[in-house]
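Given chain A's structure and the hints, the job is docking chains B, C and D onto it.
Protein chains in written order, with my numbering: chain A, 1 to 286; chain B, 1001 to 1286; chain C, 2001 to 2286; chain D, 3001 to 3286.
Don't read these hints as lab results, they were simulated from the structure.
Backbone N, C-alpha and C define an ideal beta-carbon position, used for all residues, glycine too.
A portion of the hints provided could be inaccurate.
List of simulated lysine-lysine pairs, DSS-like, C-alpha gap at most 30 Å [as the list claims (entries may be wrong)]:
no., chain 1, residue 1, chain 2, residue 2
1, A, 202, B, 1202
2, C, 2150, C, 2202
3, D, 3202, C, 2202
Calculated Cβ distances over 12 Å to all of chain A for the following chain C residues [what the hints assert, rightly or not]:
no., residue
4, 2007
5, 2146
6, 2248
Number of protein chains: 4
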Amino acid sequence: MLADSSATAVTLTLSCPDRPGIVHAVTGALAAADGNIDESAQYGSEVTGRFFMRVDAHVGAGLDALRDRLAPVVEQFAMDLELFPTGSPTRTLIMVSTEAHCLNDLLFRQRAGLLPIEIPVIVSNHTDLAPLAAFYGVDFVHVPVTAATKDAAEDRLRELVAEHDVDLVVLARYMQILSDRLCADLAGRAINIHHSFLPSFKGARPYAQAHQRGVKLIGATAHYVTADLDEGPIIEQDVVRVQHHHAAADLVAMGRDVETRTLRQAVAWHAEHRVLLDSHRTIVFP
Amino acid sequence: MLADSSATAVTLTLSCPDRPGIVHAVTGALAAADGNIDESAQYGSEVTGRFFMRVDAHVGAGLDALRDRLAPVVEQFAMDLELFPTGSPTRTLIMVSTEAHCLNDLLFRQRAGLLPIEIPVIVSNHTDLAPLAAFYGVDFVHVPVTAATKDAAEDRLRELVAEHDVDLVVLARYMQILSDRLCADLAGRAINIHHSFLPSFKGARPYAQAHQRGVKLIGATAHYVTADLDEGPIIEQDVVRVQHHHAAADLVAMGRDVETRTLRQAVAWHAEHRVLLDSHRTIVFP
Amino acid sequence: MLADSSATAVTLTLSCPDRPGIVHAVTGALAAADGNIDESAQYGSEVTGRFFMRVDAHVGAGLDALRDRLAPVVEQFAMDLELFPTGSPTRTLIMVSTEAHCLNDLLFRQRAGLLPIEIPVIVSNHTDLAPLAAFYGVDFVHVPVTAATKDAAEDRLRELVAEHDVDLVVLARYMQILSDRLCADLAGRAINIHHSFLPSFKGARPYAQAHQRGVKLIGATAHYVTADLDEGPIIEQDVVRVQHHHAAADLVAMGRDVETRTLRQAVAWHAEHRVLLDSHRTIVFP
Amino acid sequence: MLADSSATAVTLTLSCPDRPGIVHAVTGALAAADGNIDESAQYGSEVTGRFFMRVDAHVGAGLDALRDRLAPVVEQFAMDLELFPTGSPTRTLIMVSTEAHCLNDLLFRQRAGLLPIEIPVIVSNHTDLAPLAAFYGVDFVHVPVTAATKDAAEDRLRELVAEHDVDLVVLARYMQILSDRLCADLAGRAINIHHSFLPSFKGARPYAQAHQRGVKLIGATAHYVTADLDEGPIIEQDVVRVQHHHAAADLVAMGRDVETRTLRQAVAWHAEHRVLLDSHRTIVFP
Chain A
1 MLADSSATAV TLTLSCPDRP GIVHAVTGAL AAADGNIDES AQYGSEVTGR FFMRVDAHVG
61 AGLDALRDRL APVVEQFAMD LELFPTGSPT RTLIMVSTEA HCLNDLLFRQ RAGLLPIEIP
121 VIVSNHTDLA PLAAFYGVDF VHVPVTAATK DAAEDRLREL VAEHDVDLVV LARYMQILSD
181 RLCADLAGRA INIHHSFLPS FKGARPYAQA HQRGVKLIGA TAHYVTADLD EGPIIEQDVV
241 RVQHHHAAAD LVAMGRDVET RTLRQAVAWH AEHRVLLDSH RTIVFP
Chain B
1001 MLADSSATAV TLTLSCPDRP GIVHAVTGAL AAADGNIDES AQYGSEVTGR FFMRVDAHVG
1061 AGLDALRDRL APVVEQFAMD LELFPTGSPT RTLIMVSTEA HCLNDLLFRQ RAGLLPIEIP
1121 VIVSNHTDLA PLAAFYGVDF VHVPVTAATK DAAEDRLREL VAEHDVDLVV LARYMQILSD
1181 RLCADLAGRA INIHHSFLPS FKGARPYAQA HQRGVKLIGA TAHYVTADLD EGPIIEQDVV
1241 RVQHHHAAAD LVAMGRDVET RTLRQAVAWH AEHRVLLDSH RTIVFP
Chain C
2001 MLADSSATAV TLTLSCPDRP GIVHAVTGAL AAADGNIDES AQYGSEVTGR FFMRVDAHVG
2061 AGLDALRDRL APVVEQFAMD LELFPTGSPT RTLIMVSTEA HCLNDLLFRQ RAGLLPIEIP
2121 VIVSNHTDLA PLAAFYGVDF VHVPVTAATK DAAEDRLREL VAEHDVDLVV LARYMQILSD
2181 RLCADLAGRA INIHHSFLPS FKGARPYAQA HQRGVKLIGA TAHYVTADLD EGPIIEQDVV
2241 RVQHHHAAAD LVAMGRDVET RTLRQAVAWH AEHRVLLDSH RTIVFP
Chain D
3001 MLADSSATAV TLTLSCPDRP GIVHAVTGAL AAADGNIDES AQYGSEVTGR FFMRVDAHVG
3061 AGLDALRDRL APVVEQFAMD LELFPTGSPT RTLIMVSTEA HCLNDLLFRQ RAGLLPIEIP
3121 VIVSNHTDLA PLAAFYGVDF VHVPVTAATK DAAEDRLREL VAEHDVDLVV LARYMQILSD
3181 RLCADLAGRA INIHHSFLPS FKGARPYAQA HQRGVKLIGA TAHYVTADLD EGPIIEQDVV
3241 RVQHHHAAAD LVAMGRDVET RTLRQAVAWH AEHRVLLDSH RTIVFP
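With the rest of the complex left out, here is chain A (with noise of 0.2 Å):
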């Protein structure tokens, strides 16, 4: 805020045993490092006994010289630290199948700058959303999936991931299940929407089985993908109403929008580094 224009924009996101002076540590280091804080917050948890602390600061003496005076304090607290320039864009591979409405929604809003990611490549087990990638100007490279590819396919998936140096790997309604190898690989860098209020209506038609029992809600969940299929640690979720006049197909369509809007929060809260994970829950610094 009063940090004079010449100092960097710096994020800085860590988890760490809890013990008493983690705070005062780093904000020691941010002083040295000439750093005024922006906006910060903490949380001890209760569960799992782990410290939580996210910080937007400006510093004066830069993002290395940050680093160097919390390498003591990492060490000495056993932190789990990350620092990024304020707003660099995550690295973000899509993975889409034929339905269009999540991956139309993150293109638009990282063209129109209201999604700190960029989108170096589009991987699909189909090849429907081709043209939409290509408005965009975005690589799009289809990747067949079927039982006998499926061990091929993945690994042509790591290699797009190690090729473009990504950071993030969002399943923009992605339906192939992915390998618990894949899962491990990709622990707390993959985020999948799922088409329900989990943990209600697991597994593939969650929208009939809504339909079928009557609710007067339907939603949709983000989570970090894991070998637990519909079971990894949520970040976000939503609802809509729905009424007795809405068919099985209405609330597909209906739900199409909470989708949307779900997985884009959840990736925007993730690209801006406020999603940390603790065991199999999320803290979320809003």
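Chains B, C and D only, in chain A's frame:
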């Protein structure tokens, strides 16, 4: 609206097998009884093939004359039809255990004229809420329930329902499971509030489960009571957003508000004759 | 619902002075044309003394036969009545300036089959959004507007409305004020999205005003265009929660989402013939 | 979290001119007093150049020792700093006229342990709500107000505030306007609930105005009382959706629910020391 002030305000609901001519026939009887429609809604269910209708009207010839005019229509179309003086209070027996929030809200709103119900009697398996009942001048009957006395307790409830001419039983956080036989007796006339967003987290400890799972929204569900526990036709659901720093105890506290407003809405709609049963789903004309 | 598959799906809307017998007369014509009601709603306005009705039906004898049957009813009750093949697309001209969010959403949803409109042409006083129109294969007409050319520009718009047989004009963040005469010409056929929760913060810079005032919710309002700027009949409003750390620029970004979904909803309801004008208020049968 | 059970739970709030080193200095004092942070948030206001901080901590050395450690920090940074035992009740005087809904909710929640306040006394210019106060065992003081007695009535209120050691005055639908002098005396310590979504529909009849205008959402606003009527710093706002068939009287009834939950939330946040004043806006750390 335009009816002269001597006309009787009437609310009509019906359901019957769907076929052409239903609305024409009903509105013909209305016209013949000097009726004018204030507001009405109709719906044909694709799932069950039944037709549903609700009408608010002013009837110059009065309710009994309208009933006579409707009699042949009811027979011709095999209708389940009900007629009420608009706004006439639904006689409501409330069952509670120890938690006061739902009861307090229902009593307050009934007294304030915000809910078209009368509450002749409150039944509880505990005595904690007797003073609250006394403040509102409502009879409070303590009916303890143990495994040994359960049948007798339910018989006592049946007596109270009969004695007080009860139209509706509301389980306002009543923590006993009703027998299958009592559920059958009260079919379509008993509303329960479940403290989760069904079908998630069935059972007795939904908030602990929700906290454990790390969901970002918690909810409540008001439904008609059936022998299938937590599976009755849903009338209303609502949710509230929770955050990582909310402990399970916080969810319980926040959930109380959602329970309160969800149950209140369901009772209001039922008492205004806005809820019709379509097999195991509900039609709600709000 | 139960109509045989050869029946025509029809949507009917009407308004007329309220008096007994309206629904009976209309449903009589429906029955005479082998019609069966799928869903319907009626409302008598206390404020204006007018009666409103909307029907979705299947009609065995077809739309023209139904129109014939209704003719004497229309005359008898002095009805404004409209009949449409259910789901037939509303021909929609979209006007934009430079902001893409509303246009992108409407084009995407039209293409995805989520909005019963056709978009024959997009008109803009800028060229920024021409590529987006081109991607969706929609004609894009650049009509610059200056103080000197305003009349000519509005004449050009009238030509385009006539030429493309346009039913509805949507001002999707079009940043020019229409003349009183054009507003009158388009009465009930032009929808604007205003970027505030009207009547708060009228005028051109609502987000700056909202930030300055420290409100905790910001909103958007979709309304029919009238000569009274920002005073037309409201179709839909929505809000989003903001926090102290959101700068005015954040409100602009968050507001875009609310504008988008508020306009989308208003256009959908209009195109589904769910919105009827009751003087300067709207009746919405959702 | 990890603090031993003998540690004191403390809530700290501060604001001061923004400059580097604030958090480091405060957490240094915390560490020196054997403190451990449970949860904390900070924010630097771009508008006013002030910095805000709130901390929940456990302090081994106790609250007084912490206060001593903080004294030089407070002086160095020119802080407005407050320290409270976490959860210690805020002594709250409630003012009402005749409408019960807000008072009933606050009393119920206070009694249920859901709101960290004590209510030593209720003041009213009417006697209607005396029985409700009596049920909860709270002193009820009738202070009639006429043009002639207004000054005396406000003096009586000041006496009651002093006598009962009151921290917070809540105007729970109190229908008298406070004098400028009293507003000044109570600056930052008096919360009013206004029955509209400010700045729309200021004044005494917001629901009639809202109905007349045909809005689709109505709301309520909880704000600190200032001499500028309906212009005080906003703490919380909320809305509810209305439909064409709701008459002005329905809006009044629906508005009561929004007023109730908006005021309740504002009082809860204030009593938990989550609201800080940033000139005419509020910082809320929820």
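Hints, one by one, checked against the model:
For the given pair, residue 202 of chain A sits about 15 Å from residue 1202 of chain B by alpha-carbon distance, which is consistent with the 30 Å threshold. The hinted pair formed by residue 2150 of chain C and residue 2202 of chain C meets the criterion: a straight-line CA distance of about 23 Å does not exceed 30 Å. As the CA atoms of residue 3202 of chain D and residue 2202 of chain C are separated by approximately 15 Å, the hinted pair is consistent with the 30 Å bound. No Cβ of chain A comes within 12 Å of the Cβ of residue 2007 of chain C; the nearest lies about 18 Å off, and the non-interface call holds.
Non-interface call for residue 2146 of chain C relative to chain A: holds, since the shortest CB-CB distance, roughly 28 Å, exceeds 12 Å. Every C-beta of chain A lies more than 12 Å from that of residue 2248 of chain C, the closest at about 15 Å, which supports listing it as non-interface.
Comparing the model with each numbered hint stated earlier shows that all of them hold.
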